[in-house]
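If you want the building blocks of each chain, they are given just below.
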Amino acid sequence: MVNKWLSRCYLAIMFLFLYAPIAVLIVFSFNESKSSGKWTGFSLHWYEELLQDSQMQTALFYTIIVATLATAISTVVGTFTSIGIFKLTKKTKAFVLNVNYLPVISPDIVLAVALMMLFKTLKMKFGFTTMLLAHIMFCIPYVVLSVLPRLYAMNPNLAEAAMDLGATPMQAIRKVVIPEILPGIMAGALMAFTMSIDDFVISYFTAGNGVTNLSIEVYSMAKRGIRPTVNALATIMVSFILVSVLISNNLSIKKKREV
Amino acid sequence: MTKTPLIEIKNLTKEYDGDIILKGIDLTIHEDEFVTLLGPSGCGKTTLLRIIGGFDTPTSGEVVFKGKDLIQIPSYKREINTVFQKYALFPHLNVFDNIAFGLRMKKVPESEITERVNRMLKMIKLTDFANRRIDSLSGGQQQRIAIARALVNRPKVLLLDEPLGALDLKLRQDMQYELKEIQREMGITFIFVTHDQEEALTMSDTIVVLNDGLIQQIGTPVDIYNEPRNRFVANFIGESNIVDAVMIEDYKVKFEGHVFECVDRGYNPNEAVEVVIRPEDLQIVDKEKGAFTGVVDSVIFKGVHYEIIVMVEGREYIVHSTQSAEVGSVVGMIVAPADIHVMEVGI
Amino acid sequence: MHESTKRLSYPYIVWISIIIIIPMLLIFLYSLIDPSDGNPMAFRLTIDNYVKFFSPIYISTLARSLWIAVWSTLACLLLGYPLAWVIAQCHPKKQSSLLLLFIMPMWINMLLRTYAWISILGKNGILNNILEFFHLAPVDIMYTDFAIILGMVYNFLPFMVLPIHTAIAKVDKNLIDAARDLGANNRQVFSKVVFPLTLPGIITGVIMVFLPAVSTFVIPQLLGGGQFMMIGNLIEKQFLLTGNWYFGSALSMILMIFILLSIWLMKRFDSDGQAGGALPW
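Residue numbers (our numbering), protein chains in the order written: chain A, 11 to 269; chain B, 100 to 446; chain C, 8 to 288.
Don't read these hints as lab results, they were simulated from the structure.
Note that beta-carbon positions come from the ideal geometry of N, C-alpha and C, so glycine has one too.
Honestly, I wouldn't trust all of these hints.
If you want the footprint, here are the derived chain A segments under chain C, 3+ residues with CB under 8 Å [said to hold, decoys possible]:
{"no.": "1", "segment": "29-41"}
{"no.": "2", "segment": "223-233"}
Which stretches of chain A does chain C cover? Using the computed rule of at least three CB atoms under 8 Å from a CB of chain C, they are [said to hold, decoys possible]:
{"no.": "3", "segment": "61-72"}
{"no.": "4", "segment": "112-118"}
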């Protein structure tokens, strides 16, 4: 019993640690003054300002659009690639997997400068495209890494059974293999989205002047002092995340009940 | 052989998540006894074993071990060891270290550990495997290591939770024999859990038949097989024909329109009873010589015997016979008085 | 699946060649170019960029990065293991919610979350306001090594908890019962069975925390006030401030070598533990 109480306490302290900064962001988005250390009174001032702040809105737009596109593209490409890798010969497979692993283990800063050098060498114009390409580059490996184990765990006769019953290889993949590995695909997509939306370093080096995202905006702001409009934006994001998590939780509970 | 009680279980119950798994178990287990807990899955046999091993605590009741309350003693201080269902060998340790685990916990000197483990390895015929990894071994080898790992601690009681379930038939039969041998040599009480009646009959001194959280019958294999106390036991232990009957008086029972002599007594006159007849105890004879007659419905060759189904007014009788019969022919059947087992209805 | 499905991976092989292999080769190439030439088309190969690194300021920067990364990783491990353990003991349904709660902060911008710590730890920050309220002396944590390590632990703790939790959840409950059955008490069950079995998870966690910790330049920039240079800051400066790509590439190569080396070391440690042999207890 003492043990249980102790572990609950520990859990509570750790979650306090994780959520304290977020709570601070939220509380001070309603602060009257610009200070983010001293409470001076309630106001929705910063939310009004956020509505006027076109630069912040553009940054948010780019963050979301890049994360969505990068996730969608890497999930599709990563899934089919994994199915392909699964059938490669041992040597080629080892090579592809090792290279695929590089973006996962390389520091962001190294990936960032490497991509910057590539885009400069290819004389590409820095902007939305380069940033998106960079995000796809580091997202696909996560999809592959979470889909492949599912493929290995799958009964190898499943696809053969489908073809035996008259499905073409492509149909077998679509109708049998993909439904079977779906949990891995979803996990990979979630991972890719998380990585993309949280990325700063690689975006910073590959976005160029015209395009910013939230991270870049915050970073450049940090040097001059952050305006509480960002807090307001963070609060909106937190509420959005909370709502979507609650909805998806309810949906999955409902689904389970129906089953 | 004088029997000293070793474990006494008194009115043991276990409730889990609102389900009552054990509904009051009373059982005495003696020294040097090979006891089998037999029953279908979900009957509570594994739970009973886990309580004795100390992995579960009962809701109420007592377990007394050598005169002491066992429930208060944590599992790691009990003189009882377990062979787990899927062996539960430590994958990060090699064969030697797995077997040595318990001795190291007791801080036995390393030289003695080496000696005792090697002796065990010799006993299970895996001397050359001491440094092998667990996952490089076959199921049968893992099984022996699990047994050695428990026995090396010289427990008073060895608990075995369906230890042979994952092995193929031939290996299982070999291991049954070996286990019995080990038990006899080492003089340890074995409590063996299984759902396989044949296994239970082959190995045990005492069989405890469990169903639905209750003990159905306790007895020697011969008792359990020949004198099942109720329909459940009769059905669970081997194939049997169970017939509604009337006890006319002591030693006389009537079924299929015929009064049979039997060896049972103590029932009320004209009490409704059930009669158990094992398939091998029914004999097929010419229809004139039979106590009652029926039509042969099917004949299947089973190797040692034929399994013959005879229909008697819509009721099915299974007969095991070394001689075949013609399908569709009318045959008579007889049964010896000692092979008619009368039991009460609906226990 | 048919053999021919392997063709599905061909486009990706082309893609990784262009976007992963070539850039890595570019770094390698640039690290060997003499910066004084100016014209990368008429370059001269040299190891000067590497030699330059072996001067006290740069060596101490690397040493400092390693030092801070090691402490952060250690702190994550010490905090994260019990946490993963506590979560793994909960009811399965509760476990997935707890893990979700763990990942959720990562969906809110990392810079914002890190920046929020300035509001908490700063001179006139929330922590000092609370201390003042209780008439306690204010603390000055901001812009210290401690602040950097705290920021790293805060950001990277989930990377430690998740793999360890997976490893703990995978431990067969029967093995724990078996160890108890063989006479192991709680402490021994942990040290002789649970810990060795969760070692792969620990190693993954350590790698996942150590990698970003050794190379990040954002956290020292924000919480260290930019006055504490780590190797990440040094690389950033070469590319965005001084424009010395050649030295920056050499620094990147050195960082990569360090990381590959540490992964290799950790993995070796892991396979040693798995290989068995008579373990010294």
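What hint numbers does the structure not satisfy? Hint 3 contradicted; others consistent.
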